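Chemist: Chains A and B supply the protein sequences, listed in that same order.
First residue of the first sequence: 726, per my numbering; consecutive thereafter.
First residue of the second sequence: 12, per my numbering; consecutive thereafter.
Simulated from the structure, these hints should not be mistaken for laboratory data.
In this text the structure is predicted, and so the values were computed from the model without any measurement.
Glycine is no exception: its CB is placed at the ideal position from the N, C-alpha and C atoms.
Some hints could be false.
[To be verified] If you want a taste of the chain B side facing chain A, the calculated C-beta under 8 Å gives, among others:
| # | residue |
| --- | --- |
| 1 | Ala188 |
| 2 | Gly228 |
| 3 | Gly272 |
| 4 | Asn276 |
| 5 | Asn294 |
[Unchecked claim] Chain A is faced by these chain B residues, among others (derived, beta-carbon under 8 Å):
| # | residue |
| --- | --- |
| 6 | Val78 |
| 7 | Asn81 |
| 8 | Phe84 |
| 9 | Gln159 |
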Amino acid sequence: MRSPILLRSAAAAAFAAILFAGCSQAPAPAPTDTGAAPTDSAAPAEEITLTVATFNEFGYNDLLAEYTKLNPNVKVEEVKAATSDEARANFMTKLAAGSGLSDVEGVEVDWLPEIMQSADKLADLTDPALDGRWLDWKAAQATTADGKLVGYGTDIGPEGVCYRADLFEKAGLPTDREEVAKALGSTWDDYFNLGKQFVAKSDAAWFDSADAIFQGMVNQVANPFSSTEPEETLIPLDQNTQIKAIYDQIVKAAVDDKLSANLQQWQPDWQNAFQNNGFATMLCPGWMLGVIEGNAAGVEGWDIANAFPGGGGNWGGSFLTVPAQGAHVEEAKKLAAWLTAPEQQIKAFKLKGTFPSQVEALTSQDLLSVTNPFFNDAPTGQILADRAKAVTVVPFKGPNYFGYRAAISNAINRVDVDKTHNAADSWATAVSDVAALG
Amino acid sequence: MPAQPDVAAPPSSASRPAFDWRSFRSRLDVKSAPYLYIAPFFLLFALVGLFPLLYTAFVSVHKWGLVTGNQGFIGLDNYQAVLDQPRFWQGMGNTFSIFLLSSVPQIILAIFIAAVLDANLRAKTFWRMGVLVPYVVAPVAVGLIFNQMFADQSGFVNAIFANIGLPAVGWHADAFASHVAIATMVNFRWTGYNALIVLAAMQAIPRDIIEAAVVDGASRLRTFFSITIPMLRPTLIFVIITSTIGGLQIFDEPRMFDQIGLGGNDRQWMTITMFMYEVGWGNQRNFGRAAAVAWILFVVIVVIALLNYWLTSRIASSGAATAKLHGASRLLGTTKGDRR
């Protein structure tokens, strides 16, 4: 256990540093002479470099430079991985090796449970000063059974429906985001039915990927793959009637009703489809807005509706952890705490659409007034805050969640993207893949 | 270096009861110096080659989690568990398919390119260095580029196919097509490298032997198959064995063939090393089993390399036999002597 006094003083120092930076004068760089007492008691006496490992888009580009401005002795470098899977592989390997991890590591909620099994290899981030900073369910995800906080929440992924207003118009559907929200209805059947109307009158598909729909639906189930917490007891897939029903519903919509563009997210075909009217809607958590904008650069007509089939949904979201193997654990904690403060997360949201998980941020006028020019000036701050409030269920994710989910993704992709299997064969393969887990 | 007389003179303990430190030192020097000179290699090999090999064997007979570490001896259970997984056999099949699709055309093409480069070309060095350029490109970069080119719907390759009236190929969806695409990446990188090695060997063939065959009335093709190829044998054995080892351990290219890196939705291009990675670091997080896979792969590679050695020797000697039939028996002395 670390002394809470030390933590408190560290937090106070970090806070002081923020106030200090509020003045126009940036603090002078500390003298290299180690004999001279540093001006800030908690600042490191020597110059150190902290690394922050992220994936996709955390929106930290400018913030890291800002942190160095506040703490002249701390240089911060970002190590970016392209995908969450890549970051996970890197994390697991180096955590096991005992060295090589960045000082602060971004962790996605889907594989957070796996690393929580090795909570002793992560610094305890519990800090009374930060109690209540995050939405309760967000903080709970990163708290071990014995009450140790291993990650500071960064963003959450409250989901709306992004759509192409221009394609909607051509197919005779409403284009205004309020009307679209109404037309989308409230259930998945409503969503698929509107899709059937759409594809009857359009060349484009209704949604991009069947697996993405699965992601949306499975995040509305409290215990999708395993029985209740804290112990994860996997439900054998052939007995998992909930998931089978979802699978059947998706395969029917994607393949039989031809609503899917038959793409796999993050693949080149998927990225290119943004440029050639491949599909009209996408389930879009906040962080997806930046991805859409990047892939669909130059395409006009994207908009976002304040609606989500089947109630609210949260897709993903991440945490910052501090591996205990790092050389500058205390400094890394301060950096992680600073980056996950509401002010910084709002900035990241404005830059890349990663929606803050901090309670205070949700009511911040700064956030609610955010609009996104690429999405036809949609009030994305307000819409996503509403979407976040609509989240009622957060699935339980145990250590095998990632593997179980991957087996079903593969099954859906074999039918939807590869078209190498029919629904029943693909399901049978997934059943044996799940059985091999553990 | 040691002084000559000390070495030549045998030590005589009777006449010189006192221990001759100088003579002992120089004798030690002569005897041990060669071993000391070679020692760094073997020390390094012991450290980074032998030790990991043996340690892997040790891990493979223990229950060993990625993060949890050693949890006790379990004998051959890991091997049993691995051999029972259908994905293992699928991975083996994929590996051999990609290996054959890459190594065979690669070596044939390398010999052909070497033969062309061996001919009288202008700007020889330029062409010779030119074939090595793909080798400089990092495999991961090759993977990313080829992944774009072989995209199922929007890829460059399928666009060309469409233009010449061929149906689009599911380069990722179809198992065999994905093997072809990955083999293309491997061939892109390694053909030039192998061509240069073969070229060096070709240039070492004494020209008078080839001239003698030409004088005896052998056609260029005949000369190539009956003289050049048999005389390339030691080099071909080297090239084939190295490409066997490389081909069976293939990892970078298939892993980069999609963003997820697990070998496709049906693991249709998952090679055995990717399977090992998935077992050790992926969903199973089981180092014991991963080590078992590594050892199985090691044994397989040794067996295949020996088989290749045997096959290559046979191909080359049958070539030599043909040469004999055609009256170039004078040359056979060289080839036979070489074969021992």
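Chemist: Does the structure break any of the earlier hints, and which numbers would those be?
Modeler: 1, 2, 7, 8
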